[in-house]
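Enquirer: Sequence:
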Amino acid sequence: MSNNYTSIEADEPLNSDRPPPPSYTQSQSPPVQPQPPLPTGTIHTPVPPPTTTQEQSNIPESLIERLRQSSHPIALLFYMTFRLLPIFIYIFGNWFIGFITTTNQFILHFIILILLISMDFWNLKNISGRLLVGLRWWNETNPIDTNTGEFENVWVFETADPNKYINPIDSKVFWLLLYIQPIVWIIFGLLALLKFQFLYLLLIGIAISLSLTNAFAFTKCDKFGKANKFANDVFSRATGSMFSKMNPFNWTR
Numbered sequence: 001m002s003n004n005y006t007s008i009e010a011d012e013p014l015n016s017d018r019p020p021p022p023s024y025t026q027s028q029s030p031p032v033q034p035q036p037p038l039p040t041g042t043i044h045t046p047v048p049p050p051t052t053t054q055e056q057s058n059i060p061e062s063l064i065e066r067l068r069q070s071s072h073p074i075a076l077l078f079y080m081t082f083r084l085l086p087i088f089i090y091i092f093g094n095w096f097i098g099f100i101t102t103t104n105q106f107i108l109h110f111i112i113l114i115l116l117i118s119m120d121f122w123n124l125k126n127i128s129g130r131l132l133v134g135l136r137w138w139n140e141t142n143p144i145d146t147n148t149g150e151f152e153n154v155w156v157f158e159t160a161d162p163n164k165y166i167n168p169i170d171s172k173v174f175w176l177l178l179y180i181q182p183i184v185w186i187i188f189g190l191l192a193l194l195k196f197q198f199l200y201l202l203l204i205g206i207a208i209s210l211s212l213t214n215a216f217a218f219t220k221c222d223k224f225g226k227a228n229k230f231a232n233d234v235f236s237r238a239t240g241s242m243f244s245k246m247n248p249f250n251w252t253r
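Here UniProt numbering is used: position 104 in the sequence shown is 104, and no number is missing along the way.
Think of the hints as simulated: they come from the structure by calculation, not from any bench.
Here the structure is a predicted model, which means the values were calculated and not measured.
Among the clues, some could well be false.
Cross-link-like lysine to aspartate or glutamate pairs, in silico, DMTMM-like; alpha carbons within 25 Å at most [to be verified]:
no.	residue 1	residue 2
1	172	222
2	164	65
3	223	150
4	125	222
5	223	140
6	125	152
7	125	158
8	172	65
9	164	152
10	220	152
11	172	158
12	223	161
13	125	140
Build out the structure end to end from the sequences listed, making use of the hints.
Expert: Listed below in structure tokens is the structure:
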């Protein structure tokens, strides 16, 4: 018994010229290292980038930093205190005095204001003007004729050397408060007149006379035009270029 096998030819030749199928390789990424867990109760906040010198220059300076740049910070602080404290006590003084006593509030309020106004006048005339802007004034009486006993009233105005350095912060604060305070007292006087508060009107009259005396005297001392320059700058900024020709401070000495 014999078995006959028939060979079956392949559909395609065994040695074909077709290229082998592409081989695919898998690239393995490096393993990710786990980050250590944050401690319980802490909040992870990103650290801000450091500010550059230009960014620091754009940050506005605070009032305390400006006062530190003063040549006489203690004198400037006392000057601001004596200039602003009478106005503050005039507005809120009765409220504070009410915690101390309920009787004779007006008399106590009047006495405190008179003392503060007098201290402000003396400090401005003898200390603040000399230290902050190099100006000083006083009044003296000189005999005209010793035989007749006649005297004359002389106003003396003293100005510092023009080459002396005047701190711009001291100068601006000095002239600003020098002119603003009498304006505020005049407004208070008009309000007191409308309210028929004649006793307070007497007090305000004293404050106006003393503050205007210092304002006119120091303006007269300002031989080199610092006050005129400051007032001209303030008026120009307040009114704009429209009223520049009407500026009353736009004149030369």
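Enquirer: Quick one: which hint numbers does this structure break? Sort them smallest to largest.
Expert: Hints 3 and 9 not satisfied by this model.
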